[in-house]
Amino acid sequence: MNRWKRRQLRDVIAKALAICATLFGLVWLAWILWTTVSKGLPALRWGLFTQMTPPPGADGGLLNAFAGSIEMCGLAILIGTPIGIGAGTYLAEYARHTRLGAVIRFVNDILLSAPSIVIGLFIYELMVVPMGHFSAWAGAVALSFIVLPVVVRTTDEMLKLVPTPMRESALALGVPQWKVVRQVLYRAALSGIVTGVLLALARISGETAPVLFTALNNQYWASSLNEPTANVPVVIFQYALSPFEFWHALAWAGAFVVTMVVLVLGLTSRWLVARGRTNYE
Amino acid sequence: MTDSRVLAPISVEREFERERRDRRNDNLFRYVVTGCALFVLISLLGAALSMLWGGRDALVTFGWQFLWSSDWDAVQKKFGALVPIYGTLVTALIAMIIAVPVSFGISLFLTEIAPAWLRTPVAAAVELLAGIPSIIYGMWGLFVFVPFMGAHVSPWLDEHIGPLPIIGPLFQGPPIGLGMLTAGIVLAIMVIPFISSVMREVFITVPVQLKESAYAVGNTTWEVVWDVVLPYTRSAVIGGVFLGLGRALGETMAVTFVLGNAHLLSPSLLQPGNSIAATIANEFTEADSPIYLSSLIALGFLLFVVTFVVLAIARVMLNRLARRAGEIA
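For the protein sequence lines, the chains are G and U, in the order given.
Using our numbering, read the first sequence as starting at 840 and increasing by one per residue.
Using our numbering, read the second sequence as starting at 18 and increasing by one per residue.
Source of the hints: derived by calculation from the structure; they are not laboratory data.
Just so you know, even glycine gets a beta-carbon here, dropped at the ideal spot from N, CA and C.
One or more of the hints may lead you astray.
Said to hold, decoys possible - Quick list of in silico lysine-lysine cross-link-like pairs, DSS-like style, CA-CA up to 30 Å:
hint, chain 1, residue 1, chain 2, residue 2
1, U, K94, G, K844
2, G, K844, G, K854
3, U, K94, G, K854
4, G, K878, G, K854
Claimed, not checked - Pairwise CB distance ranges (calculated):
hint, chain 1, residue 1, chain 2, residue 2, range
5, U, L62, G, K999, 22 to 28 Å
6, U, E303, G, P895, 14 to 20 Å
7, U, G63, G, T1003, 45 to 51 Å
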């Protein structure tokens, strides 16, 4: 075999391996989604959304868990988004090329991929220990620390995409900077910032580790935000590891709903990004 | 004329007031956003300090022994982190051995081989993998993948690779499906999208002229990727790998489901084990003594320090390419 043929052969092998690698990745996706659908769909009943989590052996649904999850995710978004947008604004508008800006960006990127269980421990020390009990508040704050870096990152990047002449025209008209930011830049970057919030929501709606020992769990309806509160991921965790078939079915139903919510949020944000991009071009 | 002279001071006054108000609001706004940004900085520091504070009892009581000791005895109140550290490192290592070549293959496929119409949907599908919550990976792992490993893969490995010298002991074990290898594979699936999306993004940034020149002198696709694209993007590729490693080290729920939660130090990858994150998730609410709780929080602190270092390296490597790309552009 001459040199040319050997090079060709190596090229073909590399390409074949690359295709195999891609198929390898996609097979897992298909397998996991198929499992979630095939086990979750049959377990889906109306009672899931109207009944409370059952004790072993009894009939029930996941109503309190869904309510708890929605409540905590909502609060987390409400806490994390304004701070995140503020910090993103600082990075993009006030500290684009400063050293402090670079440091904060660096720290934010680390926060973005930091293990979520660490956030759980942090909030446990910060809130659960001083308050003396687990609560929905603690769960929401823990989740908000996951929302925060996502929103900071997207806000920063989206504001940077806004063309500089837009800022200059507004400033040239004598508009003060805070109004430029609020009325010109936020408006221009709106779809991007909303995308960031949706991405953050998608991430926290399935997060388990941070709420595991901040919100804990509750078999009943939590009457206030100061009580341990049921939430879907922790209920799934508990039920999946239990020996009861019916609890497994409920866990799969919960898993199916969470996966669908996450996928829909992910696709919506992807669509928003695609639409935003065409707007700029 | 007289009118304007009368009016002028008022409007100047008004003008001043307006300017003052604008300046005040401007400053206020700047303080608020600066505060938000500093909050990000403080939260990371706060996380580290709060865990150090929570774990102080264990760290003071056991000292450096905490790192080397394999004790984990809730009754005698003796705790050491060796088993969880070992499990974390081994599972993450398995994950990287699988995920890095696969991610490279995927990004090679997406940037050089696939026809244009196929690139976006495949990239989107791979990124969907990143969006699936880890608890779903855990359930799938426990109910579907663990039985599969137990029925098909583990017995085969035990029978065929187990008797071999040197690497044999790695693959001897009961066909239970739970264990280091299973956890490593699940982790690999979870970090593939992160590594491959970084690789794909940086491969795209390679200047077209560079690649075209290589093609023009007769290089094959593989040679262009291996000898031009990869050297150009080396630091960012390493950054992407470390980013994936950071994820793999800290991943909690999926590992908790499939690792077996056994406090066992075994060379075999088919044996159940434990990882830092899984130990915390499993035992935190059951910890019945302050020193037990403190040991778990100290474990969390260790995990934080290790992932911080790994992620910091990732960031530095990624920024290096970004800076160079900026210089060229």
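| query | For the pair supplied as a hint, K94(U) and K854(G), is the alpha-carbon distance within the 30 Å limit? | reply | violated, 56 Å
| Has the given pair, K94(U) with K844(G), been kept, meaning a C-alpha gap of at most 30 Å? | The given pair, whose Cα atoms are some 67 Å apart, is violated under the 30 Å limit.
| Taken at face value, is the distance from the CA of K854(G) to the CA of K878(G) at most 30 Å? | violated, 36 Å
| field | Whether the CB-CB distance between E303(U) and P895(G) falls inside 14 to 20 Å | value | holds, 19 Å
| query | Falls inside 45 to 51 Å, the C-beta gap from G63(U) to T1003(G)? | reply | violated, 35 Å
| Hint consistency between K844(G) and K854(G) [alpha-carbon to alpha-carbon, up to 30 Å] | holds, 15 Å
| field | L62(U) versus K999(G) beta-carbon gap, inside 22 to 28 Å or not | value | holds, 26 Å
Going through the hint list in order, the structure does not satisfy hints 1, 3, 4 and 7.
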